[in-house]
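Colleague: Read off the chains here:
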Amino acid sequence: MKEMTTEELDAFYRNLAELTEKGSEEKVRGYITEHYDRLPEKVQNEILGNALLTAIQDEVREEKAVGEMFDEGLAAAEVLEKAKQEIQQEGLTK
Amino acid sequence: MPRNPREYLGIEPKTIDEILADKRDALGFGETFKHMHPGAEELLLRYAAHTQSQDDMTIMNNAAREYAYRLKLFEDVTTRLKPEEIELLSRRERSQVLSDLMAHRKAPRAQEMVHNAVFHLAMEKPELVQKMRASFNELDRLRAKRDYKTLQKGIWSLAERNHVKVSELNTLINTGSLQGREESREHLEQRIHESAGRFRRAMDWTRNKFDAKRMPFSSRNLARKMVSQAEELKGLPIRGEIDSTLRDIVSHLDAALTNPEWRELIAKETLTNKNATLAREGGPGTFEETQQAMANAENKPAAIEQSVRRRIAANPNFASWNRAQQDDWLRNDVKQEEMKKQRGAGFWAWLASVLFSQNVDKGINAAAGHSVFATA
Numbered sequence: 001m002k003e004m005t006t007e008e009l010d011a012f013y014r015n016l017a018e019l020t021e022k023g024s025e026e027k028v029r030g031y032i033t034e035h036y037d038r039l040p041e042k043v044q045n046e047i048l049g050n051a052l053l054t055a056i057q058d059e060v061r062e063e064k065a066v067g068e069m070f071d072e073g074l075a076a077a078e079v080l081e082k083a084k085q086e087i088q089q090e091g092l093t094k
Numbered sequence: 001m002p003r004n005p006r007e008y009l010g011i012e013p014k015t016i017d018e019i020l021a022d023k024r025d026a027l028g029f030g031e032t033f034k035h036m037h038p039g040a041e042e043l044l045l046r047y048a049a050h051t052q053s054q055d056d057m058t059i060m061n062n063a064a065r066e067y068a069y070r071l072k073l074f075e076d077v078t079t080r081l082k083p084e085e086i087e088l089l090s091r092r093e094r095s096q097v098l099s100d101l102m103a104h105r106k107a108p109r110a111q112e113m114v115h116n117a118v119f120h121l122a123m124e125k126p127e128l129v130q131k132m133r134a135s136f137n138e139l140d141r142l143r144a145k146r147d148y149k150t151l152q153k154g155i156w157s158l159a160e161r162n163h164v165k166v167s168e169l170n171t172l173i174n175t176g177s178l179q180g181r182e183e184s185r186e187h188l189e190q191r192i193h194e195s196a197g198r199f200r201r202a203m204d205w206t207r208n209k210f211d212a213k214r215m216p217f218s219s220r221n222l223a224r225k226m227v228s229q230a231e232e233l234k235g236l237p238i239r240g241e242i243d244s245t246l247r248d249i250v251s252h253l254d255a256a257l258t259n260p261e262w263r264e265l266i267a268k269e270t271l272t273n274k275n276a277t278l279a280r281e282g283g284p285g286t287f288e289e290t291q292q293a294m295a296n297a298e299n300k301p302a303a304i305e306q307s308v309r310r311r312i313a314a315n316p317n318f319a320s321w322n323r324a325q326q327d328d329w330l331r332n333d334v335k336q337e338e339m340k341k342q343r344g345a346g347f348w349a350w351l352a353s354v355l356f357s358q359n360v361d362k363g364i365n366a367a368a369g370h371s372v373f374a375t376a
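Residue numbers (our numbering), protein chains in the order written: chain A, 1 to 94; chain B, 1 to 376.
Just so you know, these hints were derived from the structure itself, not from any lab.
The reader is advised that the hints may include incorrect statements.
Unchecked claim - Computed cross-link-like contacts, DSS-like style, restricted to lysine-lysine with a CA-CA straight-line distance of at most 30 Å:
| no. | chain 1 | residue 1 | chain 2 | residue 2 |
| --- | --- | --- | --- | --- |
| 1 | B | K300 | B | K341 |
| 2 | B | K72 | A | K27 |
| 3 | A | K27 | B | K341 |
| 4 | A | K42 | B | K72 |
| 5 | B | K335 | A | K42 |
As the list claims (entries may be wrong) - With the C-beta cut set under 10 Å, the calculated list includes, among others, these residues of chain B facing chain A:
| no. | residue |
| --- | --- |
| 6 | I16 |
| 7 | L20 |
| 8 | L81 |
| 9 | M113 |
| 10 | F287 |
Stated by the list, open to error - Restraint-style ranges between C-beta atoms, simulated for each label pair:
| no. | chain 1 | residue 1 | chain 2 | residue 2 | range |
| --- | --- | --- | --- | --- | --- |
| 11 | A | D37 | B | A295 | 24 to 34 Å |
| 12 | A | S24 | B | S53 | 51 to 61 Å |
| 13 | B | P5 | A | E34 | 42 to 52 Å |
| 14 | B | P83 | A | E41 | 14 to 24 Å |
| 15 | A | D37 | B | N322 | 36 to 46 Å |
| 16 | A | G23 | B | L88 | 21 to 31 Å |
| 17 | B | K300 | A | D37 | 29 to 39 Å |
| 18 | A | E41 | B | A103 | 12 to 22 Å |
| 19 | A | D37 | B | M36 | 25 to 35 Å |
| 20 | A | G23 | B | R6 | 39 to 49 Å |
| 21 | A | D37 | B | E85 | 19 to 29 Å |
| 22 | A | G23 | B | E93 | 35 to 45 Å |
| 23 | B | P83 | A | T6 | 27 to 37 Å |
| 24 | A | S24 | B | F318 | 41 to 51 Å |
Bear in mind the structure is a predicted one, so any value in this text is a computation, not a measurement.
Just so it is clear, CB atoms sit at the ideal spot from N, CA and C, and this is done for glycine as well.
Can you build the whole structure from these sequences, using the hints too?
Modeller: Okay, here's the thing in structure tokens:
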């Protein structure tokens, strides 16, 4: 696919600025995706690389959240296990 | 900034001749060299003509060492970026941006695109690829920790005490998909419920009677809150995805936690205390943050113009330079300094940086009184 000329690239960035100011995330994403294949390779690499990094970092964040919930759940389970034992010792589950 | 020599440890650079003999290496080395050294092209011409000086060779050997480092970055990251990992990262619920870009591009084309991008970024923006590698290492560490803890903390023994056979546990628990997790939860709850009846009645009784302070565990505060706040949390809305993951965890652990009120308490503790503190790296992390950054008056051309005027006024040599020298300083040194105000990595930070760059160009042109940047 034919790469953008300098003037077309400038227009791309101007439109992107306007969409960011007045549009929505969906419109910005759609605009970039629509013109991606005609962007200079360097710009394509930057977009793809940064999008990839964001996705990896979000994966790390979710894993951290799950890990912390897991720790809380384990701690809670230990507490409840202890409570269960104490209640049973006091003969409350007859 | 020169790299810490320790970062080169264990990386064996190729010789210049070896690099230039390989097409891919020559391309990558060329990108790295040009990025590192302004006179790279002239130096390479001297090398080709065998007229290079000893200083030239020192510069080239340093560049070869740096190239080897960046190539290692590329290899470390792309080893992780197998088709299934790329597909995982490109899920719409994970990354809509990546999903959009990968749409209609299946493996191996998607993998080729991604690897190509990582290669060029490793050569020109190694710090970005360093962050990718660090994030993958962190992901591995977190997953290993959870798997290790699962075994160490005795999830199997807890499952056994709740009448779920250890031999069945791995087949019962499937967290690989949303549907799998739901089915796992249902199977486990059904299995545990049979013996949970008496204990549940006991826990209901403990809400009024049990003194949580007697518990010796560090989670005593959580237990105390559980008792006192359980009634407050009826009907608390919980995000589906977190609750689904939480259901996996609690369903694996103990019969009593099948009580929805207790589960909601844990979720509330988690959502308010943990997720809220997961900070993003520098720079905008969402579209909205990018919008806000660009709407900030400090980032508009007028403010940048004033900043550039101050820099010009503070430069004692500026007035004595000719137009070309002034423009060179503005185009390179000043722009570089102004761009430091918009840092960060990731897609939305990239967008903010690109848009901010446009404003910097306009600000510099306004301060200079002519077009330093032709198209701003």
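Colleague: Would you mind marking each hint as holding or not holding in the structure?
Modeller: Now for the hints, and whether the structure bears them out:
1. B/K300 - B/K341: Between B/K300 and B/K341 the Cα gap is close to 12 Å, so the pair holds against 30 Å.
2. B/K72 - A/K27: Outside the cut-off at roughly 37 Å; violated.
3. A/K27 - B/K341: 26 Å, holds
4. A/K42 - B/K72: 20 Å, holds
5. B/K335 - A/K42: At roughly 19 Å apart (the allowed maximum being 30 Å), A/K42 and B/K335 satisfy the hint.
6. I16: 25 Å, violated
7. L20: 22 Å, violated
8. L81: 8 Å, holds
9. M113: 7 Å, holds
10. F287: Cβ of B/F287 sits 4 Å from chain A, so the hint holds.
11. A/D37 - B/A295: 24 to 34 Å: 30 Å Cβ-Cβ, so the 24 to 34 Å window holds.
12. A/S24 - B/S53: 51 to 61 Å: 57 Å, holds
13. B/P5 - A/E34: 42 to 52 Å: Holds - the Cβ-Cβ distance for B/P5 and A/E34, about 46 Å, lies within 42 to 52 Å.
14. B/P83 - A/E41: 14 to 24 Å: 22 Å Cβ-Cβ, so the 14 to 24 Å window holds.
15. A/D37 - B/N322: 36 to 46 Å: 42 Å, holds
16. A/G23 - B/L88: 21 to 31 Å: Once the Cβ atoms are compared, 29 Å apart, the range 21 to 31 Å for B/L88 and A/G23 holds.
17. B/K300 - A/D37: 29 to 39 Å: Taking Cβ atoms as reference, B/K300 and A/D37 lie about 32 Å apart, which means the hint holds.
18. A/E41 - B/A103: 12 to 22 Å: Given range 12 to 22 Å: holds, Cβ gap about 19 Å.
19. A/D37 - B/M36: 25 to 35 Å: 30 Å, holds
20. A/G23 - B/R6: 39 to 49 Å: Since A/G23 and B/R6 have Cβ atoms about 46 Å apart, the given range 39 to 49 Å holds.
21. A/D37 - B/E85: 19 to 29 Å: Check passed, 23 Å falls within 19 to 29 Å.
22. A/G23 - B/E93: 35 to 45 Å: 22 Å, violated
23. B/P83 - A/T6: 27 to 37 Å: The hinted range 27 to 37 Å holds for B/P83 and A/T6, with Cβ atoms some 36 Å apart.
24. A/S24 - B/F318: 41 to 51 Å: Given a distance of about 43 Å, which is inside 41 to 51 Å, the answer is holds.
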